[in-house]
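Chains as they are written, first to last, in our numbering: chain Z, 1 to 49; chain C, 1 to 565.
Among the hints, erroneous ones may be present.
Label pairs and their calculated CB-CB ranges [to be verified]:
#	chain 1	residue 1	chain 2	residue 2	range
1	Z	S22	C	D449	35 to 45 angstroms
2	C	I69	Z	E46	45 to 55 angstroms
3	C	A353	Z	E46	21 to 31 angstroms
4	Z	T19	C	G152	52 to 62 angstroms
Honestly, the hints are just simulated from the structure, not real lab data.
As the structure is a prediction and not an experimental result, all values here were calculated from the model.
Beta carbons are placed, not taken as given, at the ideal position from N, Cα and C, and that holds for glycine.
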Amino acid sequence: MSEPAAGERRGDGPGRPGTPGSWARLYALVILALAADIALLLWLTERYR
Amino acid sequence: MIRPADAWVLVAALALLVAWGIARARSTKDLEGFLVAGHSMPWPVVAFSVMATQASAVTFMATPGQGYIGGLSFVQFYFGLPLAMVVLCATLVPVYQRLHVHTAYEFLENRFDAKTRSLAAGLFLVQRGLAAGITLYAPALVLSVILGWDIGLTCALLGALVVGTIVVGGAKAVAHAHALQFSIILGTLALTFVLVLRTLPHGMGFGDALAVAGASGKLAAVDTKFDPTSRYNLWAGLLGGLFLQLSYFGTDQSQVGRFLAGRSARESKLGLLFNGLVKVPMQFFILLLGVLVFVAYRFEPAPVFFNPAESAKAAAGPHGDEWRAAEHSWNSARAELAQALRAERTAQREHDAAAERDAHATALAADVAANAARARAVAAIQATDPAANTNDTNYIFLRYVLSHLPVGVVGLVLAAIFAAAMNSSMAELNALASTTIVDVVERLPWKTDERHLLTWSRIATLFWVVFAVTFAQFAARLGSLVEAVNIMGSLFYGTMLGIFLTALWVKRAGGTAVFVAALLGEAAVLACWKFSSLSFLWWNLIGCVLTVGLAAVIAPFAPSRARTG
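Isolated chain Z, as found in the complex (with noise of 0.2 angstroms):
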């Protein structure tokens, strides 16, 4: 089976998010989303109770 070169591709390659700062903000946007959606079903719930 051919294997990619050591680093070739498989890494987080060029180009951003890269870097584990990048990373942590797009995973505290995913928690917050989550958060917010949340936020508005629970509103919603109460909304229409």
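Position chain C relative to chain Z; hints supplied.
For chain C alone, kept in the frame of chain Z given last:
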């Protein structure tokens, strides 16, 4: 039955899907391309492929039905998914990419030993091999009942639709086909949402529809009460859902194969994170579509039971009189309900509080009477055939689509359902073939060159397609198997995840420790299933925590061959 114009739209859409898949498949020339799409996919393709794999045809048909029956509460099932995407991106994805694995189970031999890899790969092949048959059978059953087609032929048609694409093109073709199929599905859902809004009674806006749905409790999306026996609440969704989604995306090759197709760890991670961002809103809108169908049916006649085959059987059977009496009561109660709801809306507009109160009380009474009539109809179905499926959730949306949406759009919706069935089948069958080649064939004592391995990969794919179609024919005669196979997934996912998390986090644990811990963890999950009323989402957490914890405890006493991972 399907109208000619809808049939043409369906045939044209299916021809486009198959032609697109085969055209893309022809570029696959090597094993790397066949197994993991040559690690060449950009993140949007990874994201669509991951989402398309999870959204099976049953999900597409059943989720609006779930919204109709249970309202928005099912959305909580997905709360753990964004968290799981973050955990996966921070842990397993970089490890898989660094080790250049083609299947998730390859990683286990690198970290532990051959027997742990074989245990995980074996569990996957058995569980997913049976599930692949059900993936074809379940939508084929609904389509055959609704359209009057033969179930066996419908299963074979679905198998035939995926076979050309994946046998020739493997993972690369799957990724490209997913992108097109999922676009069709999303477009069709959006169009259907707008059209369902237009079928609401004259003068009724979106806000009015929400008010009607809310009055029936259909907009109770989040339940904050902690109750381990309740299937959907905030805590089961966040904690149990996190472990279920972690297991599914991190250890099930049908998903691992999709994100390993990313051209770098960055593309794989961005694809998964995009899934984490849009999954909850997307499921919310699909459930809301079902809620809108519920509202529309409050103002017009609805079938007492949505599965036409079971209804016809009950009407023609020895309990036909009871069935007809129940149906008559249902129709009367529903007519009264529609009239009362209209009167209530008029009273609201005219600020007539007394009239509004009266109309509301009449609507409540009519609703109770209608529910009682439906219960009697279901009892008649059960009395006619004790083995009959009395859950008609999967049929609600399609019945509505067939009777309300304009010609052409119905064909498009049917094409989207076929596309969804092809999505999940393609991913499963490609994953089964990859695991067969990488975790079984490549480890046999005799060595095979890459060209022959590519041929073997195509043969393995064909084998699994034939296996799935054959099992689907068998499942058609054994309805209870559907439920059994679905439960099986949740029974094993927690333990599987536990093995992978032990590999990452319990550095001193070796193959023997994790093997014994996995067997004990699995025994505990089986005990929960057999002897407790715990909701199935929690099984994933229990299996995982026990496997990791026991591996840590056993590790000092068991021989270790731990490697760096």
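Query - Numbered hints the structure breaks, given as an ascending list - result: Hint 2 alone not satisfied by this model.
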